[in-house]
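Colleague: As given, the protein sequences belong to chains A and B, one line each in that order.
Under the numbering used here, read the first sequence as residues 1 to 355, first letter to last.
Under the numbering used here, read the second sequence as residues 1 to 279, first letter to last.
Keep in mind the hints are simulated off the structure, nothing from the lab.
Note that the structure is predicted; figures quoted are calculated from it, not measured.
Treat the hints with care, as some may be off.
[Said to hold, decoys possible] 27 angstroms max Cα-Cα, derived BS3-like pairs, lysine-lysine: (1) B:266 - A:134; (2) B:103 - B:194; (3) B:194 - B:266; (4) A:134 - B:194.
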Amino acid sequence: MAQVSLAGIGKTYEGAGANTIAGLDLDVQDGEFLVLVGPSGCGKSTTLRMIAGLEEPTAGEIRIGGRRVDGLEPRERGIAMVFQNYALYPHMTVAQNMSFGLRLARLPRAEIRRRVEGAAETLGLSGHLDRHPKALSGGQRQRVAMGRAIVREPEVFLFDEPLSNLDAQLRGQMRAEIRRIHDRLSATTIYVTHDQVEAMTLADRVVVLKDGRIEQQGSPQELYDRPATRFVAGFLGSPQMNFLAATVRNGALDLGGGAVLPLPPGRPLPEGRRLDAGIRPEAFAAAAPEDAAFHATATMVEHLGATSLVHFSHAGQDCAALMEPARAPRAGQPVHLSADPARLSLFDADSGRAV
Amino acid sequence: MARFRKPLLLAAVLALILVCFFAPFLWIVSNSFKPQLGIFSDVTPISWRTFLPLDPVAENYRSLFARTNILHALLNTAIVAAGQVALTLLLCSMAAYALTRIKFRGSQAVFVLILLTFLLPVEALLVPLYQVVSGLGLSNTLTGIMIPWIASPFGLFLLKQAFEELPRDLEDAARIDGAGHLRIFVSVILPNVKVPLLTLGLVTFLFSWNSFLWPLVIAQSPDAQVIQVAIAQQGSPTQLPNWGETFAGATVATLPLILLFLLLQKYFTQGMAMSGIKG
Ligand SMILES: Nc1ncnc2c1ncn2[C@@H]1O[C@H](COP(=O)(O)OP(=O)(O)OP(=O)(O)O)[C@@H](O)[C@H]1O
Ligand SMILES: [Mg+2]
Numbered sequence: 001m002a003q004v005s006l007a008g009i010g011k012t013y014e015g016a017g018a019n020t021i022a023g024l025d026l027d028v029q030d031g032e033f034l035v036l037v038g039p040s041g042c043g044k045s046t047t048l049r050m051i052a053g054l055e056e057p058t059a060g061e062i063r064i065g066g067r068r069v070d071g072l073e074p075r076e077r078g079i080a081m082v083f084q085n086y087a088l089y090p091h092m093t094v095a096q097n098m099s100f101g102l103r104l105a106r107l108p109r110a111e112i113r114r115r116v117e118g119a120a121e122t123l124g125l126s127g128h129l130d131r132h133p134k135a136l137s138g139g140q141r142q143r144v145a146m147g148r149a150i151v152r153e154p155e156v157f158l159f160d161e162p163l164s165n166l167d168a169q170l171r172g173q174m175r176a177e178i179r180r181i182h183d184r185l186s187a188t189t190i191y192v193t194h195d196q197v198e199a200m201t202l203a204d205r206v207v208v209l210k211d212g213r214i215e216q217q218g219s220p221q222e223l224y225d226r227p228a229t230r231f232v233a234g235f236l237g238s239p240q241m242n243f244l245a246a247t248v249r250n251g252a253l254d255l256g257g258g259a260v261l262p263l264p265p266g267r268p269l270p271e272g273r274r275l276d277a278g279i280r281p282e283a284f285a286a287a288a289p290e291d292a293a294f295h296a297t298a299t300m301v302e303h304l305g306a307t308s309l310v311h312f313s314h315a316g317q318d319c320a321a322l323m324e325p326a327r328a329p330r331a332g333q334p335v336h337l338s339a340d341p342a343r344l345s346l347f348d349a350d351s352g353r354a355v
Numbered sequence: 001m002a003r004f005r006k007p008l009l010l011a012a013v014l015a016l017i018l019v020c021f022f023a024p025f026l027w028i029v030s031n032s033f034k035p036q037l038g039i040f041s042d043v044t045p046i047s048w049r050t051f052l053p054l055d056p057v058a059e060n061y062r063s064l065f066a067r068t069n070i071l072h073a074l075l076n077t078a079i080v081a082a083g084q085v086a087l088t089l090l091l092c093s094m095a096a097y098a099l100t101r102i103k104f105r106g107s108q109a110v111f112v113l114i115l116l117t118f119l120l121p122v123e124a125l126l127v128p129l130y131q132v133v134s135g136l137g138l139s140n141t142l143t144g145i146m147i148p149w150i151a152s153p154f155g156l157f158l159l160k161q162a163f164e165e166l167p168r169d170l171e172d173a174a175r176i177d178g179a180g181h182l183r184i185f186v187s188v189i190l191p192n193v194k195v196p197l198l199t200l201g202l203v204t205f206l207f208s209w210n211s212f213l214w215p216l217v218i219a220q221s222p223d224a225q226v227i228q229v230a231i232a233q234q235g236s237p238t239q240l241p242n243w244g245e246t247f248a249g250a251t252v253a254t255l256p257l258i259l260l261f262l263l264l265q266k267y268f269t270q271g272m273a274m275s276g277i278k279g
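Only chain A is shown next, with the shape it has when bound in the complex:
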């Protein structure tokens, strides 16, 4: 049982003015795949390093499997960590890299061999055990780093942006592999990334961090469909959600520039209330000019293959809509779009909270 729980965790780096992390509470269930996302500098790595024992929190308690671990050395915590730049020991072979920790722990040699060969098998590294890291490709190095984590047979896997140095195709492959390994070993996994595709595809639960605080947490779909704040809405989803300043007028939503949409069903709002309306690019639909709410000129069109991303400007805001390539205009041509009110996200214009 390796539940990880952080209670009131705070971290202030020496010399840094503000708290990097302030009062973080987080419970990770046994066997859960938790993804920490957030913009650069929000404290993701710091949080992970505190769980690993590489940094000491300045406030709060960390428990792993019910056992208090803050103050313990990393090796005593039952964790393994994979770093962004792999951090392989350059002077050791693949096998030596993977077995370093086991040798330090004085495991029997037969056991070390069993584990290293098992991990190499799982990761497709069996033919490379005698190579040095510099003779490996980026993807292979990544695998060695994972292998080094696996052989420790940890209760908790910690990943700090493990795929960000790989090209897009490998990233997709390794993503699937990481999830597969997680499912097979049924260890608890905490995974840091700022790639929202990784967050969406890997996670049982996503935690969005901002300035060292939890902005929202939930399943990927939940966060995507019902973001609690404008920040989360803008952070998850690619291409990004469009935001338009809106006012409630005559029982409808005035989005400026002549665009008026009915209020979303079941959400009565007071007259004159100022809001930010969030519309996902895929919530737009091409419409006949007389039915359309948005009339604009396409400023740029990106063909993504299956879909096309049409950029236009509405009431001074840059917007983008996903359209079928066949129906997409060319740059400079007029676009007429409607938007499904049920798929609108509405945020208070001042606080950014969902209404």
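Position chain B with the ligands against the provided structure of chain A, taking the given hints into account.
Modeller: Then chain B with the ligands, alone, in the frame of chain A:
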């Protein structure tokens, strides 16, 4: 035309520089093969005879090895140099580790203070050093010859740079693997700074092998004499120095260095380039 002249000019300049550096050395070697009289008669006017022994004799070498304790001095020098290299590497790398990998208050100040000692010329240190080392009862010992120099600010500087270039994540990974400071130092850091270590070792060896003034001050007794002192002091105060032997001794003293240089040339130049400062 200018195109052709440039390399020629370059070659000429290089040749001149080469001659300037090489001539004294050649002179030493050639004199070591001349009888005492020949040495003086060939000095002026300078001609090719100055640099080439016409009928070489081995007499100087024979008497050098027979009459003086040069072999013993060579052995002393080798012990001092080897010890100095080993201790300098150990001390400097441990200090560099502490200064780059362990957070403590005032680490920067410590580093600056150590570097400041770099600015003091050896001559200014000689008297206080003598008092301290002889006070420790180490005069006329090989330990006394090497001990003031093993905590080398130059070495610390060189290794600190090298350590700082190693990614922190390596050490974090090692900590997760269960390594403590000593294990990280020995098994993760040191194997990845082999070239800087080798460079520092070579520079230290060179410095130690060629040092003269300090060994002269601290170790007068024949038992503890190093080669440079032995060469300078062969011939007693009542005798004229035997110049042939002196030249033979200088040649013998230089040979190991030349061998070392030829073997490990690459690291010498690297060391100079890395530090930007002469060892
Ligand atoms: N050792 C340190 N000393 C002082 N400040 C630090 C230290 N490490 C991180 N910080 C600061 O703490 C904040 C959070 O850093 P952290 O590395 O956790 O961010 P992150 O969310 O992982 O960002 P990224 O996505 O860029 O990796 C940053 O403002 C950073 O400057
Ligand atoms: Mg980070």
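Colleague: Please list, smallest to largest, the hint numbers that this structure does not respect.
Modeller: No hint contradicted; all consistent.
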